[in-house]
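J.: Going down the list, the protein sequences come from chains B and C. Numbering of the first sequence is given in the numbering used here, commencing with residue 1066 and proceeding in unit increments. Numbering of the second sequence is given in the numbering used here, commencing with residue 1066 and proceeding in unit increments.
As a list, the in silico SDA-like pairs of lysine to any residue whose alpha-carbon atoms are at most 25 Å apart: (1) C/LYS1106 / B/THR1131; (2) B/LYS1116 / B/LEU1160; (3) B/LYS1106 / C/LEU1179; (4) B/LYS1106 / C/THR1131; (5) C/LYS1106 / B/GLU1077; (6) C/LYS1116 / B/ILE1132; (7) C/LYS1116 / B/SER1130; (8) C/LYS1106 / B/ASP1069; (9) B/LYS1106 / C/VAL1071; (10) B/LYS1116 / C/THR1131; (11) B/LYS1106 / C/ASP1067; (12) B/LYS1116 / B/SER1150; (13) C/LYS1106 / B/ALA1074; (14) C/LYS1106 / B/GLY1138; (15) C/LYS1106 / B/LEU1179; (16) C/LYS1106 / B/ASP1067; (17) B/LYS1106 / B/SER1150.
Keep in mind the hints are simulated off the structure, nothing from the lab.
2 protein chains.
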Amino acid sequence: MDPDAVARAFVEHYYRTFDTNRAALGGLYQDNSTLSFEGAKTQGVAAISEKLTGLPFQQCQHNISTIDCQPSGPAGGVLVFVSGSLQLSGEQHALKFSQMFHLIPTAQGSFYMLIDIFRLNYA
Amino acid sequence: MDPDAVARAFVEHYYRTFDTNRAALGGLYQDNSTLSFEGAKTQGVAAISEKLTGLPFQQCQHNISTIDCQPSGPAGGVLVFVSGSLQLSGEQHALKFSQMFHLIPTAQGSFYMLIDIFRLNYA
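Take these sequences, add in the hints, and give me the full structure.
T.: As structure tokens, this is what we get:
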């Protein structure tokens, strides 16, 4: 496994899904997954999906600036650290953000997010 | 173990050490530790210490804005995600940054950084 390739592919898939079909993001979590979104913690597929689909904006576009990653643990996990900007529909300025994912291999050969932490970087 | 308490205590200790005695940071890593600093990867206590002490500024002051954390793995690890600003001596404006730590318990009852990823958030 090449952690950099896993990280790049996952990040691309995650943000494309977020920006085009946010309701499908639930498939990238499992019931032991946790999300911290701007400090609010939720756990499990249902609660995380509800949080993400309920965010108070409809259309958005993520633009990625940097992707860092490191392998994590003997089971083939990958820690991914992303910085970028988020353009919301109707807003003049993009919002800068940072986000980290702890990716864990699934029995099906893909990865899910055990941990997802998102923060806007306010000026 | 309270992951939030571990995270807060570690973050306070790390940045205080960084700002007052950077050469002592090496004691917070072990030889399987990795550092990604602005995309440059180093591994092991000696290489990480050399990278941190060789950064091209002398005095600095970190100010922390947010600390998020989640427990990680059965062995008592903690993932910590920090945002804040970094004031360099002689510079007018502080630099915003994000950083993540994967903390692992030591046999002595403290924690070391298995993974450390740092990024400036450019405007």
